[in-house]
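A.B. asks: Take a look at the letters that make up each chain.
2 protein chains.
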Amino acid sequence: MTVVGMDGDLLADGLKRVQAEVDASFDDLLPVPDDTRARLVEAMRYATIGGGKRVRPLLVVSTAEMYGVSREAAIRVGTAVEAIHVYSLIHDDLPCMDDDELRHGKATVHKVYDEATAVLAGDALHALAFDILADADTSTDPFVRSELIATLGHASGMNGMAGGQMMDMVADEEGVDYDLRAVTRLQQLKTGALLGASVEMGAILGRVPIETRAHLRAYSRDIGLAFQIADDLLDVIGDEAKAGKALRKDEVQGKQTFVTLMGVDKAREQARALVDQAIAHLASHGSEADTLRALARFIVERDR
Amino acid sequence: MTVVGMDGDLLADGLKRVQAEVDASFDDLLPVPDDTRARLVEAMRYATIGGGKRVRPLLVVSTAEMYGVSREAAIRVGTAVEAIHVYSLIHDDLPCMDDDELRHGKATVHKVYDEATAVLAGDALHALAFDILADADTSTDPFVRSELIATLGHASGMNGMAGGQMMDMVADEEGVDYDLRAVTRLQQLKTGALLGASVEMGAILGRVPIETRAHLRAYSRDIGLAFQIADDLLDVIGDEAKAGKALRKDEVQGKQTFVTLMGVDKAREQARALVDQAIAHLASHGSEADTLRALARFIVERDR
Chain F
990 MTVVGMDGDL LADGLKRVQA EVDASFDDLL PVPDDTRARL VEAMRYATIG
1040 GGKRVRPLLV VSTAEMYGVS REAAIRVGTA VEAIHVYSLI HDDLPCMDDD
1090 ELRHGKATVH KVYDEATAVL AGDALHALAF DILADADTST DPFVRSELIA
1140 TLGHASGMNG MAGGQMMDMV ADEEGVDYDL RAVTRLQQLK TGALLGASVE
1190 MGAILGRVPI ETRAHLRAYS RDIGLAFQIA DDLLDVIGDE AKAGKALRKD
1240 EVQGKQTFVT LMGVDKAREQ ARALVDQAIA HLASHGSEAD TLRALARFIV
1290 ERDR
Chain X
990 MTVVGMDGDL LADGLKRVQA EVDASFDDLL PVPDDTRARL VEAMRYATIG
1040 GGKRVRPLLV VSTAEMYGVS REAAIRVGTA VEAIHVYSLI HDDLPCMDDD
1090 ELRHGKATVH KVYDEATAVL AGDALHALAF DILADADTST DPFVRSELIA
1140 TLGHASGMNG MAGGQMMDMV ADEEGVDYDL RAVTRLQQLK TGALLGASVE
1190 MGAILGRVPI ETRAHLRAYS RDIGLAFQIA DDLLDVIGDE AKAGKALRKD
1240 EVQGKQTFVT LMGVDKAREQ ARALVDQAIA HLASHGSEAD TLRALARFIV
1290 ERDR
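Protein chains in written order, with this note's numbering: chain F, 990 to 1293; chain X, 990 to 1293.
Extracted from the complex, chain F is given alone in its bound form:
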C-alpha cells in the first residue's frame, strides 16, 4: 500500500510491526493438533496468518499505548478483535453469502478447503476471540476482561456486525433501496461497530473511565464512516490487483452505497471532512495520539 509523508512513515512502521506481532500471536494460539482436527486449525491459520491490513489491531494498540498499556496485552486484545474480523470475512465470503473467491489476494477459505470447513473455521475463530479475552494473560483484572468481552460481544452480534450484514443482505436479495440515513445506519453496524470496539477496548485496557471516553467514541464514529465511504469509493475506482479482492460488485448488484447516493466527488469530500473531524476530536492529546491521527488519514488515502 502507498503511504506518504511523515504520517505515512509513522503509520507504515506501526502497521508493519503490528502485522508481524499479530501473525506471531495467531501462530502461537493455533498449533496444529495431531488428530483429524488438523484441517480445521490449518484453515484457521490460512485465514489469519499473513494477510489483512490489521487496521483494527493497530487501533487497539495505538489507543492502549496512549494510556501506558503493555504492548503484550494490547496485542492480545488486537488479536482477539482481528479473530472476529477474520471470522466475519470467512462467513461473508461463503457461496450462500457474498460468494467471493478472492480475499487479501488469496483464494477464500471455502475455495481452498470446503464450505463446511469454512463455516467451522469461522465459528472456531469466533470462540477463540472470547477465549483470548477471558484469559488472565490478557489482563489480571477480571473487571477489565469482562468489559473487553462485553464490548466485543456487543460489536459482533445482532446489534453490531451480524445485524449490519443482515441489513446488507436484505438489500441485495430483496432489492430494498436504502436512503443515506439507512446506509449510514447499516454501515455503522457492519463496519463501524468493530472499529469503534477496537478503540474502546484500547481505552478499557488503559482503564480510561467510561465518562472520559466520549472524544474517543466520536473519533471512532467518524473514522468508521470515512472507512466505509473509502471502501465504496475503492469499489468504483480501485484497482483489483491492489485490493486483492473482486471490485465493481456494488454496481453489478445495483446496490445503494455512499457513492451511488452522493456521487464520487461528494463522497470523497465527505470522507475527508469526516477524517478532519475525527482528528479534531483528538485535540486534547499531544503527540501520543499521532498514530490515531495518521490512521484516520490512511483510511481515506489507502488503495486497498
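The hints are simulated quantities; they were obtained by calculation from the structure and are not laboratory data. From a predicted model like this one, the values you see are computed outputs, not experimental measurements. Even for Gly, the Cβ is constructed at its ideal location relative to N, Cα and C. Don't take every hint at face value.
[Claimed, not checked] Cβ pair distances, simulated, as ranges:
1. G1243/X - K1238/F: 35 to 43 Å
2. F1132/X - T1201/F: 19 to 27 Å
3. L1169/X - G1057/F: 50 to 58 Å
4. D1024/F - S1276/X: 38 to 46 Å
5. V1101/X - T1201/F: 18 to 26 Å
6. S1273/X - R1006/F: 52 to 60 Å
[Unchecked claim] Result set (DSS-like, lysine-lysine): computed pairs, CA atoms no more than 30 Å apart in a straight line:
7. K1231/X - K1244/F
8. K1238/X - K1100/F
9. K1095/F - K1238/F
10. K1231/X - K1042/X
11. K1005/X - K1100/X
12. K1255/X - K1100/X
13. K1238/X - K1095/X
14. K1244/X - K1100/F
15. K1255/F - K1238/F
16. K1255/X - K1238/X
17. K1100/X - K1238/F
18. K1231/X - K1005/X
19. K1100/X - K1100/F
20. K1042/F - K1095/F
21. K1244/F - K1042/F
Guided by the hints, dock chain X onto chain F, whose structure is given.
C.D. replies: Leaving out everything else, chain X in the frame of chain F:
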C-alpha cells in the same frame, strides 16, 4: 417424552420449568427490531424459543441450586449455554454440513429462511451467549463472569465442540474409520465439552473452588459419554416422529459409532454402567443432587 417413577416426576417438572424459563429468557433477549435486521432476529427466535429438551440449562440450574445460587442468575447462564448449543445445531444442519431438514420436529432454519440467514443467526447467537455472560446481571462479580466466559469459550471452540464437529466431518467425507478410542475422543469434544461446561458453570456461579470440582467433572464426563451412546442407540432403534429429526443416518453413511463398534446390547450396557458411575460420583451429596441423579438416568432412558 416418557419419564417414569419418582425420579421421572422430579425431572419432568424440572425440565418443564426450565423450558418455560429459558423460552421467556430468549423472548426477552431477542426483541424484533423495527428495521431490516428483523429477519435475522426472527430466525434467532424461531431457533431458540419452543424447542429442545433444555438438558444443558437444567444441568446449569441443578448444579447451581446445590450451591444456593439465585434462580435468575442460573437461568441466564443456562440461556447462554443453550444459545451456543442452538447456534451449533443451526450450523450443523446447513446443506454444506449435515444437510438436515428437520430439528425438534420443525423445519430447520435454512429451510424456513435461507442459508445466509441461518449462518448469520448462528453467528449472532454465538455472540449473544458471551454478551449474556459478560453482563453484570449474570453476576456482579467480574471474576465469576470471566470464569464463565473462559469455560464456555473453551467448550465451544477448536478444543471443544467445533473441533469435535470437524473430526466428525472428516470421518464422513474422507471415510476415516475411527476406533473406539477415537470415537470417544471425538464425542468428548463434540458433545461432552458443552455438557461438562454446563455443570462447571453451575459450580462457578456457586463459587465452588476449582480444587473441589473433581467429582462434578467426573459426573459430567460419564454422563457426556452416556448421552452420546444413547444418541447412537436412538439413531438405530429410535422413532423418528418422537426424535423430531432424521434417524438411521449413521448407517447410511457407514459411520463408526459406539453402536457399530460395540453392538446394541453392549452399548446399552455401557451407557447404563456410565450412568451408575456418574451417580456414584455424587455420593458426597444428599438430596440436593437428586435432579443431577435423575438427569443422568434420563439421559439413557429418553426417547428423543
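A.B. asks: None of the hints should be skipped; say for each whether it holds.
C.D. replies: Cross-check of the supplied hints:
Separation of G1243/X from K1238/F is about 42 Å and conforms to the stated range, judged on CB atoms against 35 to 43 Å. Separated by about 25 Å at the C-beta atoms, F1132/X and T1201/F satisfy the suggested range of 19 to 27 Å. Remark: the range hint 50 to 58 Å for L1169/X to G1057/F is upheld by a beta-carbon distance near 55 Å. At about 42 Å, the beta-carbon gap between D1024/F and S1276/X stays in the expected band of 38 to 46 Å.
Between V1101/X and T1201/F the CB atoms are about 47 Å apart, so this pair departs from the stated range of 18 to 26 Å. Checked against the given bound of 52 to 60 Å, the beta carbons of S1273/X and R1006/F, roughly 54 Å apart, stay inside it. Using a Cα cut-off of 30 Å, the hinted pair K1231/X and K1244/F is violated, with the two alpha carbons roughly 46 Å apart. Pair hint K1238/X plus K1100/F holds up; C-alpha atoms about 27 Å apart against a cutoff of 30 Å.
About 18 Å separates the Cα atoms of K1095/F and K1238/F, which keeps this hinted pair within 30 Å; it holds. About 12 Å separates the Cα atoms of K1231/X and K1042/X, which keeps this hinted pair within 30 Å; it holds. Of the supplied pair hints, the one linking K1005/X and K1100/X holds, its CA atoms being roughly 28 Å apart against a limit of 30 Å. Proximity of K1255/X to K1100/X is assessed by CA-CA distance (about 37 Å); at most 30 Å being required, the pair is judged violated.
A distance of roughly 18 Å separates the Cα atoms of K1238/X and K1095/X; the hinted pair therefore holds under the 30 Å criterion. Between K1244/X and K1100/F the alpha-carbon distance is near 26 Å, which keeps this suggested pair within the 30 Å criterion. Distance hint between K1255/F and K1238/F is fulfilled; the C-alpha atoms sit about 20 Å from each other, no more than 30 Å. Among the hinted pairs, K1255/X with K1238/X is consistent with the structure: their alpha-carbon atoms are about 20 Å apart, no more than 30 Å.
Distance hint between K1100/X and K1238/F is fulfilled; the C-alpha atoms sit about 27 Å from each other, no more than 30 Å. A hinted pair counts as satisfied when its Cα atoms are at most 30 Å apart, and K1231/X with K1005/X qualifies at roughly 17 Å. For the hint pairing K1100/X with K1100/F, the CA-to-CA distance comes to about 24 Å; that is within 30 Å, so the pair holds. The straight-line distance between the Cα atoms of K1042/F and K1095/F is roughly 14 Å, inside the 30 Å bound, and the hint therefore holds.
Proposed proximity of K1244/F and K1042/F is supported: the alpha carbons are some 26 Å apart, at most 30 Å.
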